[in-house]
Structures are given as structure tokens and as C-alpha cells.
Amino acid sequence: MGDQPLVRWDWIASHLVDPIGTRLLEHLQLSITPILLGLLLALPLGVACVRWRALYPPVFTTVNILYAIPSIALFFLLLPYTSFSAWTAIIPLTVYTLAVLVPNVVDGLNQVPDHVRQAAEAMGFGPLRRLVQVELPVALPVVIAGLRVAAVATISMVSVASLVGLGGLGQLILTEGFRRQFPTPIVVGIVLSVALAFLVDGLLVLLQRWWTPWTPRPARAGGRNRRSAAASTAAASSAADRPAAPEGRRRRA
Amino acid sequence: MITFDGVTKRYPDGNVAVDHLDLEIPAGQTTVLVGPSGCGKTTSLRMINRMVEPSTGRIRVDGRDVRDQDPAELRRSIGYVIQQAGLFPHRTVADNIATVPYLLGWDRRRARTRAHELMELVGLDADLARRYPHQLSGGQQQRVGVARALAADPPVLLMDEPFSAVDPVVRTSLQDELLRLQQELHKTIVFVTHDIDEAVRLGDTIAVFRPGGRLAQAAAPERLLAEPADDFVEGFIGYDRGVRRLSFFPARELRLRGDAVLAADTPVATARAVAAGGGEPWLLVVDDARRPRGWVSADLLTTADAQTPLGDLPLVGFGHVFTVEDDSLRAALDAAVLSPAGRAVGVTQDGTVVGVVAQSELGEAIWSVGNDDARDAEPVGQDG
Ligand SMILES: Nc1ncnc2c1ncn2[C@@H]1O[C@H](COP(=O)(O)OP(=O)(O)O)[C@@H](O)[C@H]1O
Ligand SMILES: [Mg+2]
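Protein chains in written order, with my numbering: chain Z, 127 to 379; chain D, 4 to 387.
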């Protein structure tokens, strides 16, 4: 890449809408769809796995095996069927989201204290009402913790989808930057995809605060200096916010 | 009334949790199921609201077989309180309490109003309404649990060791609260505990279970203490059942001695005459308001200066007193045993002295009730 400057601001200014903006929107669309689809599928699947215990081991093994297949391989595998439509990216990424979320839904439901479940039964909740009004709401923090992991992983995996020409910020990095030995689009692509991951994660944290105002909060660190207060809040909230995020599922490419 | 007719519960693993239970639980009273752990109390309780189905036999609530009713509907008409309160962590205190009203389709306003009424009834501060359960103490959580169970005003209340997980001081105050509530509400309460003292304190009837899920004895607490049916019941009640039974006899029937009580400004000479006249080894000195100040011994009076007022002498502490109107013989005996003078001080509700009673006089009163029936099945005072 020779002696070009790392970032050429004039290029950024002239390419802000196209390709930068276009690729960003593509990226967003390619990641949000599988996250939402995954959530939509993981809830009933997780509920079923808790209701019929025997279902869980095979489901868990299946999603884990699918999770173990490199995304690039899945993209290529799907190409003959879905060609260059968004589905080629959406289907594998939905499967990955499922793989992260199903164990979290199951753990979340299993963590509902027995006395809470029994109290609900004794108050006269039928099984469906108990699930919707008590068990799922109580499981929600664990589900959202899984959703955060899945969202960040998905956003970073969408970049890989560009290798098979599916668009997104990866496309910016690959075609505008790498192939033309031009560093600016590479930097822009990386920065934007990281920023997007942070943004979505932050939104999910806010969503959690709003949806589950009842979860114990770490005590406010008043009086201490700002840095250590922020550090302790971050430590406490990451402990509280991700009680059951499965190990080793943070990132993949 | 709740009736168990030959009820047996055999769990699928072959475990017989309840074995041929016949029991009548009278309406409007508190019946306590008590016994060691694993003897089928919880199982019996849960068969009433169909959380457990009996293997054989029949359970009726007010004459209706529980099996003829839809389980969810049946449960909405039966309050249920459990040990860890079982509050819904994602709902505020008010919404927890309004659970059954919501299930019954009450509108939000009415359910909320009802929740606030109940908070007041069980002694919860109105400020707590918007809190979440994790922001409450154990005792407060149990109060919310009781309020939630009462929300739709069910005639029957099932309570499974509701106060076992809180510390003794809070437990006593929750028990007091339940006694007070029951005087007001007259629910049919079935209360499970493994603590015989709690059972004696709260129960109008006590059903003692033995291991293997068999009923050993069902009786009023005073009868149970007087006549345990067998060695198991006697052993379960504990060695001091004789003393505990005194809880059921009111202290107001004791003959208290008012003549051994003297004002603090009485001169020693007068006191000497009183002591000699009554053969009293101890006199109680009281202040202007007739509150106890302490004991003076006849020995000290013989050596003290004749003109000194009693209040200026070194007095012996009077220990704790009993309230004549409310307390039981047990409280009076306890006060006498702990008193350095061997005498108990009886006071009115506002603390003025009625008179004193010596251990020997108490002994006579105790002897006279020893073989007698209790006149009053209600425990007396705070020491049941
Ligand atoms: N769901 C169950 N399956 C099998 N056995 C049970 C079940 N629930 C309770 N038991 C057994 O039944 C017996 C009575 O239990 P329980 O009614 O809970 O007793 P308690 O409340 O008096 O401690 C115990 O031996 C217990 O292990
Ligand atoms: Mg039990």
C-alpha cells in the first residue's frame, strides 16, 4: 500500500453516500434480519426443549455442529440454492444466532426459581399464561444477555459474507480497499463495523434496562473518582448482564 | 369445611407420602398440620388445591369434591402462601398482590385499590407499593405473600411453612399479625409447620403427622399437651409440655397480694409492721404512679433506720412483670422463677401494679388446673 496516508479524508467526503452509506445500510440489514429471525425461532425452540427435556440434547448438538462449520463454507454451500440474494447470508447467520440463543433461553427458563413457578401454579395460572406472564419475563435478562453476544458476533460475521459478494462493509474493505491497495476504505470499514457493534450492543443494554427494571442493579458508586466508579459499574453490569453467555461464543469469523 | 376422606398419595416412584388420611378441617378456624420433615404435610396441603392429585380417597371443600372443579379456577378461590414467599421478581409489590384479581379479570384500577387495602391490612407501608421484591426484607416479602394470598378474599388460605425462613423476632411478629388478621377475617386456614411451638401458638386444632404420612393425633392444642395420644406425639411435643400447657390458663384468676405492695415514701417502721403482720419476707416498693421500683427484704427492714422512706433503701430489681388481664399462668410462673424475690409482679396493661404472687401460691393455682380441663381453648397472651 506504499506510502499513501492511512486515511484520505477527501476520499471519505466524496464517497460518503456511495459506497460508504450504502454498504453500512446493507450491513445493518444483513445483521438485524438474522438476529430477529434467530430470536423468533429460539424462543419456541427453547421453550420446547424445557417442556420436553429429551429434546434438548439433540437440538443442542445439532446447533453446535452447525455453529462449528465456518461461515464462509456455509455461504458457499448455499450459493447454488440462493445465489447472490440476501438469504445466502441470512440463513447461516440465523443458524449461528440460534446456536447462541437456544441455550440461553433454556438456561433462563431453568433459572426461574421453583418457588416462583409453584406460586404461579398455586395462584391459578394455566400453563400457557404462566409461561408468557411469569416464566419468560423472569428469563428475559438471560435471553437478552445471549442476544447481545449473538448481535456482536453476527455484525462481525456479516463482513465475511462479502467474500462471496453479498455486500455489507466487508465489500468496502475487500473491493474498494484490498483489491485496489487503498487503505482508507479498509479503515472506514473496520471502524464502522466496530462502531455498529458497539451501537447495537448499547441499544440492547438500554432495552434491557427498560424491559427489566426489576433486576437488581449494582449500587451507585457515589463519591469515588469517575474512572474507578465507571470501571466497577462496568464490571458489575457485565457480571449481571451476562449470567449465562456460553463460553467461547463471543466472536467468530 | 375441608374434609379428607381416606386420602392416600403414592408418588409414581412408589413413595407413600400420605397414608389413609381422614381429617375434618373446620371452617373459619386455623388448623395446623405439624410433624417432622417428610411426613406428608406439604403433600396433604397441595391435594386441597389440586397441585397434587390423591391416589385414592376424596377431598371436599364445603361439600364439593375438588376434582369436580377446574384446577385453575379452584386455585383462584384458595389463597396460598409458601416459605420463600414465591413473589414474582418482575412485578412490583402492588402488582404481585393484585395477581389473582388480574387473573379474575378485575379492571386495573380496582385491582390496584384492592392491593393498597391489603398492604394496609398486613402492615406494609404504602411507599413499598412500587418496589420490586428484591428490594424488600424477608419479613416484608412474607407480608406481601400473605397479602397476595388474601387479595381476592378467598374463604380458604393454605400456608406452607410461611414463617420458617425469617429470623425469630420477625417470625414472632408475623405470627402476631396472623393471629390479629384471623380474628378479623375468620378464614379457614390450613397452616403447615414443623415447629410445635408455632403450631400451639397459632392453631385452633393441631394435626400431628408421623413419618409414613399417617395422622397421629388431631386435637385442640391444650388437649394435645394434656393428653398426647402416644409416645410419638409426646416425644414430638417435647419434654416441657406441662409447663407449656399453662399457656392456656389465664393469669387473671390468680389471687394477687396487694398488701405486700408499699409506696416509696412509706417509712421503714410501717413496712416492718406490714412484713411482720403478713409474714412476708419481701415487700414490693412502688412509685407515686404505682409503677414497680424494686423489692425490699424483711431482713433489710430490721436493720434499717425506722424513719427512712423505703425509696431511699437499696432495692432489689423486680425483674420482668406479667400483665394480669392478658397473660397466662405460664407468664406468671416465668416471672416468679426469674424474680430474685421468688415472687411475680402482676401489672395492668398500663404498667401499674395490681399485686404480687409467690411461687408457692402459683404452685397451688397450677396444681388446681393440673387435672382440670382448660377453660379457654385460646392461647393466652404472647407466650403460647
Ligand atoms: N414429587 C414427589 N415425588 C416423589 N416423592 C415425593 C414427591 N414430593 C414429596 N415426596 C416424598 O413424599 C414424602 C412427603 O413429602 P412432603 O409432603 O413434602 O413432606 P413434608 O411437607 O411433611 O416435609 C417425602 O418422603 C418426600 O420425599
Ligand atoms: Mg413441606
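Treat the hints loosely; a few may be bogus.
[To be verified] Label-pair restraints from in silico Cβ distances: (1) G328(Z) / E76(D): 19 to 29 Å; (2) I158(Z) / D65(D): 29 to 39 Å; (3) E56(D) / R255(Z): 16 to 26 Å; (4) P171(D) / I158(Z): 50 to 60 Å; (5) L132(Z) / L131(D): 31 to 41 Å; (6) I158(Z) / H189(D): 28 to 38 Å; (7) E76(D) / V331(Z): 51 to 61 Å; (8) S176(D) / R335(Z): 33 to 43 Å; (9) W337(Z) / D65(D): 51 to 61 Å; (10) E76(D) / V320(Z): 27 to 37 Å; (11) S176(D) / V320(Z): 53 to 63 Å.
Hints are computed from structural coordinates only; laboratory data are not their basis. In this text the structure is predicted, and so the values were computed from the model without any measurement. Just so you know, even glycine gets a beta-carbon here, dropped at the ideal spot from N, CA and C.
Taking each numbered hint in turn, which are not upheld by the structure, reported in ascending numerical order? Numbers 1, 2, 5, 6, 7, 9, 10, in rising order.
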